[in-house]
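Enquirer: Under my numbering, read the sequence shown as residues 1 to 173, first letter to last.
For the record, the hints were derived by calculation from the structure and aren't laboratory data. Idealized CB from N, CA, C, for every residue including glycine. Relax, there's no trap hidden among the hints.
Derived SDA-like pairs (lysine to any residue); straight-line CA-CA distance at most 25 Å:
1) K150 x T99
2) K150 x P105
3) K136 x V53
4) K58 x Q92
5) K150 x V61
6) K150 x S125
7) K136 x A55
8) K58 x D160
9) K150 x Q86
10) K150 x Y73
11) K150 x N168
12) K136 x S67
13) K150 x E68
14) K136 x V151
15) K136 x R52
16) K136 x P105
17) K58 x T138
18) K136 x H156
19) K150 x E140
20) K58 x L96
21) K150 x S123
22) K136 x I106
23) K58 x E140
24) K136 x D110
25) K136 x I112
26) K150 x G118
Label pairs and their computed distance ranges (CB to CB):
27) F124 x Q86: 14 to 24 Å
28) L57 x S123: 24 to 34 Å
29) D79 x D158: 22 to 32 Å
30) S93 x G118: 16 to 26 Å
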Amino acid sequence: MSHDGDDNLRPNPPENAHKRRSWRMPAIVLGTIGLLLAIVLYPKLMSARQERVAATLKSQVHLRIISEAMEVYADRHNDLFPPALQTIETLQSEGLLETGMEVSPIEDGDGISYIFTGVRARSFSTTQIVAYEDPKHTDEWVYVLFGDLKVRRMSHADLDVALTNQTNQTTPP
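Using the sequences and the hints, build the whole thing.
Expert: Structure (structure tokens):
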């Protein structure tokens, strides 16, 4: 039995077969690197997300502490709040607010954390906005301090409507 004819039975590989195989190794290497990066970075990404959630909750707490300080201030000053542009300084100078509470943990670097609307009289209103967090801090919603000194979340759109309505009600025609 001759083996000379057996070689002719084996199909010859196409001329570009080595080119098709040449991309497999880099693809496997890149896939492996991507998988390793995902394994290494996933905990860090989750940690960053958890840190963001914690900072957001801390910002809500800051606004609640500011609301409590404003309540004490109003109790001492015939139901009046400090002027909007001096709210933080006034609360701190009266010993009602610790330094640092005026800075949101999710402040974006522009120096604005909480915005006061200029409401001077305590109203106990559940719709009147006294202060709110800088809307640039989050994409979907904003923490808002109302006249009843409760802090609630509002969407950006709802905040815009509420502020417009409030401005229209307080601006003379």
